[in-house]
Amino acid sequence: MSTEEEENAAELKIPDEFLKAKCLMNCEVALILEHKYEQLQQMADDPMNQMSQVFEKSLQYVKRFSRYKNPDAVRQVREILSRYQLAEFELCVLGNLCPETVEEAKHMVPSIKTRGRAHDDEAIEKMLNDLSLIKKFE
Amino acid sequence: MFLKTQLSWNVLVPAENIDAEGLMLQKAILIRLLDEFATKKAFKDLGYFMAVTTLDHIGEGLVRQHSGDLLFPVDFSCITFKMFPGELLEGVVHKILKHGMFLRCGPAEKVYISHHKMAGYQYVPGENPSFMNDKSSKIEKGTRVRCTVIAERYDEAERDFRVLVSLEGDYLGPVS
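Quick mapping for you: the protein sequence lines, in order, are chains A and B.
Just so it is clear: in the first sequence, position 111 is 275 by my numbering, and no numbers are missing.
Just so it is clear: in the second sequence, position 43 is 356 by my numbering, and no numbers are missing.
Honestly, the hints are just simulated from the structure, not real lab data.
Be aware that a few hints might be false.
Below, a sample of chain B positions facing chain A; criterion: calculated Cβ distance under 8 Å [claimed, not checked]:
| no. | residue |
| --- | --- |
| 1 | Met-314 |
| 2 | Phe-315 |
| 3 | Thr-318 |
| 4 | Lys-354 |
| 5 | Tyr-361 |
| 6 | Phe-362 |
| 7 | Thr-366 |
| 8 | Asp-369 |
| 9 | Cys-391 |
| 10 | Ile-392 |
| 11 | Pro-398 |
| 12 | Gly-399 |
| 13 | Leu-401 |
| 14 | Pro-420 |
Just so it is clear, CB atoms sit at the ideal spot from N, CA and C, and this is done for glycine as well.
Bound-form chain A, shown alone (with noise of 0.2 Å):
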């Protein structure tokens, strides 16, 4: 237990894994599994009856906390976000939760004042107004 109480995804304390894994956004997999449920519907029948529970959850569920839906702006959000040397983890808080300020940007991922990467408030800000013009051209 005692590694397990060290984890803390703020600080990006998360088991190294983890940490390289490759993180999707909740917009990135909404497109992956609706993608996937009309070739189940091509596929089947009965597409409900070939999806898991798991599955049909969470569809639901992406489908509903996406903040941006076309393929396009999604490309362009991670596109983005990448030209700041976040860890993958980082890149999708920020992609899901969208933060409108810096102080919320910042309380979102504490972990972006440290590593060794001088992100003064100027440059989150240009992040995040670039991240809102997207949503407004969508």
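Let chain A serve as the given structure and place chain B on it in line with the hints.
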């Protein structure tokens, strides 16, 4: 958080599903893999199994001595969902009780907030019970809530996760 993971499993193809044509065999392997993937549901270290995205490699099959079934090692990529302590998460309230409430976050339904972890909110009984605070921010069934994960535990028997979350902290609480 949703994660993209690569896994290596062994897939067992029953002898009666084996056909002379190679294409059918590949299909049989894929179907068995998808089946197994769906029934496994969740795993302690990896979280919930959501969907297989690609089948990357099928290894050499082994014939089982007595049954004649074939065992294939396969590598595939999939999406999993895992909640980490400290992670910020959004969920939908689906049950309100006197002493707390349950949220739904992705495939997880047993995501619990105790009333001790939502300072300022008071339980309001009624046909449609809710939690209110003095700034009249209201949480009822169907409300979207942003919270932080305190701890998670895996229930081996049900293959399900139980998660404790909290509303205490800045920028947490109901979201529109």
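| Any CB of chain A closer than 8 Å to the CB of Lys-354/B? | holds, 6 Å
| said: Quick check on Thr-366/B please, does its C-beta sit within 8 Å of some C-beta on chain A? | reply: holds, 7 Å
| Are Pro-398/B and chain A close enough, Cβ to Cβ, to be under 8 Å, as the hint says? | holds, 5 Å
| field | When the least beta-carbon distance from Asp-369/B to chain A is tested against 8 Å, hint result | value | violated, 14 Å
| said: Let's test the interface hint: is any C-beta of chain A closer than 8 Å to that of Ile-392/B? | reply: holds, 6 Å
| task | Tell me if Phe-315/B is really an interface residue toward chain A, meaning its C-beta lies closer than 8 Å to one of theirs. | result | holds, 4 Å
| Given Thr-318/B was flagged as interface, is its beta-carbon under 8 Å from a beta-carbon of chain A? | holds, 6 Å
| query | For the hint on Phe-362/B, does the least C-beta distance to chain A fall short of 8 Å? | reply | Cβ of Phe-362/B sits 6 Å from chain A, so the hint holds.
| request: Grab the minimum C-beta distance from Gly-399/B to chain A and call the hint holds if it beats 8 Å, violated otherwise. | output: Hint holds; Gly-399/B Cβ to chain A Cβ min 4 Å, cut 8 Å.
| said: Does the closest beta carbon of chain A sit nearer than 8 Å to the beta carbon of Met-314/B? | reply: holds, 5 Å
| said: Please check whether Pro-420/B passes as an interface residue: C-beta within 8 Å of a C-beta belonging to chain A. | reply: Since chain A brings a Cβ to about 4 Å from Pro-420/B, closer than 8 Å, the hint holds.
| query | Does the CB of Cys-391/B sit less than 8 Å away from some CB of chain A? | reply | Not OK, violated: Cys-391/B not within 8 Å of chain A, min 10 Å.
Checked against the numbered hints given earlier, this structure breaks hints 8 and 9; the rest are met.
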